[in-house]
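Protein sequences appear in the order of chains F and Z. Read in my numbering, the first sequence has 354 at position 354, and its numbers run on one by one without any break. Read in my numbering, the second sequence has 426 at position 426, and its numbers run on one by one without any break.
Bear in mind the hints are in silico, worked out from the structure with no lab data behind them. We treat Cβ as the ideally placed atom computed from N, Cα and C, and that holds for glycine. Some hints here could point you the wrong way.
[As the list claims (entries may be wrong)] Pair by pair, the computed Cβ-Cβ distance ranges are:
1) Z:96 / F:357: 16 to 26 Å
2) F:109 / Z:161: 46 to 56 Å
3) F:97 / Z:411: 50 to 60 Å
4) Z:14 / F:97: 52 to 62 Å
5) Z:96 / F:33: 15 to 25 Å
There are 2 protein chains.
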Amino acid sequence: MTTPFEYALENQDKFLRELTEFLRIPSISAQPHHKEDVRKAAEWAAAHCLSLGMTRAEVMDTDGHPVVYAEWLGAPGKPTVIFYGHYDVQPAELKDGWHTEPFHPVIMDDKIFGRGTADDKGQVFIHLKAFESVMKTTGTFPVNIKILLEGEEEVGSIHLRPFIKSHSELLKGDVGLVSDSGMLAPGLPTIVYGLRGLVELEIYVTGPHHDLHSGAYGGTVDNPNHALSRIVASLHDAQGRIAVSGFADDVRVLSADEHASISHVPFTEEMWYVETGAPAIWGDPDFTLKERTGARPTIEVNGLFGGYTGDGSKTIIPAKATAKITCRLVPNQNPQKVFEAIQRHVAAHTPPTVHSEVSFKRGEPGLVVDPNDPAMQVAVEAYQHSFGKAPIFTLEGGSIPAVMMMRESLGIPVILMGFGLPDDNLHAPNEKFSLEQFRLGIQTAIEFYRLLPEHQK
Amino acid sequence: MTTPFEYALENQDKFLRELTEFLRIPSISAQPHHKEDVRKAAEWAAAHCLSLGMTRAEVMDTDGHPVVYAEWLGAPGKPTVIFYGHYDVQPAELKDGWHTEPFHPVIMDDKIFGRGTADDKGQVFIHLKAFESVMKTTGTFPVNIKILLEGEEEVGSIHLRPFIKSHSELLKGDVGLVSDSGMLAPGLPTIVYGLRGLVELEIYVTGPHHDLHSGAYGGTVDNPNHALSRIVASLHDAQGRIAVSGFADDVRVLSADEHASISHVPFTEEMWYVETGAPAIWGDPDFTLKERTGARPTIEVNGLFGGYTGDGSKTIIPAKATAKITCRLVPNQNPQKVFEAIQRHVAAHTPPTVHSEVSFKRGEPGLVVDPNDPAMQVAVEAYQHSFGKAPIFTLEGGSIPAVMMMRESLGIPVILMGFGLPDDNLHAPNEKFSLEQFRLGIQTAIEFYRLLPEHQK
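Make a model of the complete structure from these sequences and hints.
Have a look at this one:
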């Protein structure tokens, strides 16, 4: 008799053909002209869930991109898992430095390259294929499962909270499960027990009421590009510490245990140099490199623009300059308070020669999940089975608003079982997902679903 | 008998229909996709010169956009005027804030609105129409005239110098004449006797070898947007003085006469507020507002960009950030020395956590023309005739590389007879040219050509 995992190995080529179909839909949630593609990806995912034997699968509208909901509830009396993932992806264009077309996935060297391979379509597929493998070989599934796939994870999950709130009956369950994170290194299974929150904001600096001729007005008008640069420069001190008063007031102090645990994370300066390619490590000198990665808040200008950015030159003083900023928050920090601290800082650093405005875009607090929850222990055993070793518990640098919402609105523990690797190039050109991780992920998921009913008695 | 100026008034509608045709060709020299439009404008101008009775008109190739050369040499023994203008224009798009389509000129309120109306197609037309008006009414012209129209003024006149050098015989003449500048106020004729030079450069700051996920690497990687902001912020001190060591070493000290002359320029703080719309005057506190406008060197970041600048957000640390910069130079400053001073400054302000590079794009020194040259006195008389008062002599903030080249390579005095007004929105949305200025300009030009032979004996 074929075991579920044997089925998964035998069907890997079929799984990858299906995944490739899913990846070819450019479901870029940030770009309005891809709106129809986002819906197409949702429809594809819903149809695929039905084809696997789920008993219900729907594309459900929100005020933004739709949510996919699917379920199989054929195990009465057994626990119900709410699996969350997202089918939207980050923007990607060949000219950004991709070696292959971002939406024409290519398999090379036991890896699949393309936008969404690791973040998050490939990881969603781990669970869909675990479900398929168990169903095809045993005719049933050990737990009830509800699949919630979001189309706005990459743009802040703005419409997910009202969706979860208004569907709390539908989404009732015992354990939340998410595969949208990574392992610290190959061979080192990792459970993320803390996630940073996020505040997104934009700073606008305006000066003259329209672009001015730099020959006629230069030297008398404060250039918004210069003024914005002074503001951005003031956000950190010369050593790399955040210099915004009040920003870090509520930052949770790490316990001795956490300091020790972080110090054991197998991340070295050499790895940093290889992964980033940057000339030297930067950042708050009061914390170690490992602590700065995940355990500390950050302010990053993701986009900066003002004036003429086309070919050639245009001798102007621009009317406006913009900084697009996201801040990563650690648990205890309040997004609104952080935003207000920055707003005060910008106002204090705006000279009378220009105007500035700080616009709030979105905010989610950070989160810590209790590592001692029984469902966490099921995950530990599942990893032990597939990887041959117990997972390490870590704080993650990224933010998954949905995890916070699931915990808040549904009141259930959420397990972050991620199979990405540090060099997967998330949000960057040449995103990839290791097929070894894909196979191990399916094996871990099969085991997790198998073991869960025993622990949840 | 109709006088030349009466002819000009009677034919204003015809002149404006012709000018509109010329303005509708989007001859944007900075944008490669408008290359054919630039040539089309050159061909239109050459054909128009022939239609006015010029005896030769050609589109002549350079390594960049072509030059238009036209001539009428029917006055042997009389002086030869080399008239310079440009038929290329600055970029313009409706979305930049234009109230009308930039390349569909509209006449309203005795003004013509559209890209190129004042800078410089409309001003070139003043001289073509002065020529036509004299020819049509008298059958001849009082001086020989050679017309040189450039297609690269807005991108630094890179190929004009070799063209002028290799055509010094063709371009031989007695007086250079340019209408590509402005008057200080309506009713106040102005001759520009000094022009600032220009250095164009770009600063690139690079960090990681590709865009990184800000959740995974934020706090450990120096963000190129932040590092570039620190560099840009360091270019000026908090009061608005240029803080680049060596930048202003060779700046020519203004004479007491010049200080006095500048203090009489009818430019007030109130005018500054109306024209700029900016909240407060900025700049080097060691000089007056009037002195900063034209008599002092400047550094302006015309364009600033790094990272994600599209819709929504992308949580990245960008690999690269760019500042596009032009500096205005006063006479005596050497473009190469100025560039090197900035290069040293940027290197000194680049921390080990990023790389930086400063790229030289082009450079032209500034220039002073002698106000006592006899041809200058002809211009004074011409203005006296048309405006009823003598012109004021002023230093201009802008840069016209061709003027420098004409003086250098052809060794002739160059008269800058400009008819623009301060609110013409050069290089900005809603560029316009006053039709009153157009009429007075034609009258002044007719008179200048008529008087010139008497003074040049």
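We went through each hint and held it up to the structure:
Look at residue 96 (chain Z) against residue 357 (chain F): about 20 Å separates their beta carbons, and that is inside 16 to 26 Å. The hinted range of 46 to 56 Å is satisfied by residue 109 (chain F) and residue 161 (chain Z), whose Cβ atoms lie roughly 54 Å apart. For residue 97 (chain F) and residue 411 (chain Z), the hinted distance range of 50 to 60 Å is satisfied, since their beta carbons lie about 52 Å from each other. A beta carbon spacing of about 55 Å between residue 14 (chain Z) and residue 97 (chain F) agrees with the range 52 to 62 Å that was offered as a hint.
A beta carbon spacing of about 21 Å between residue 96 (chain Z) and residue 33 (chain F) agrees with the range 15 to 25 Å that was offered as a hint.
Consistency with the previously given hints is maintained throughout, with no hint failing.
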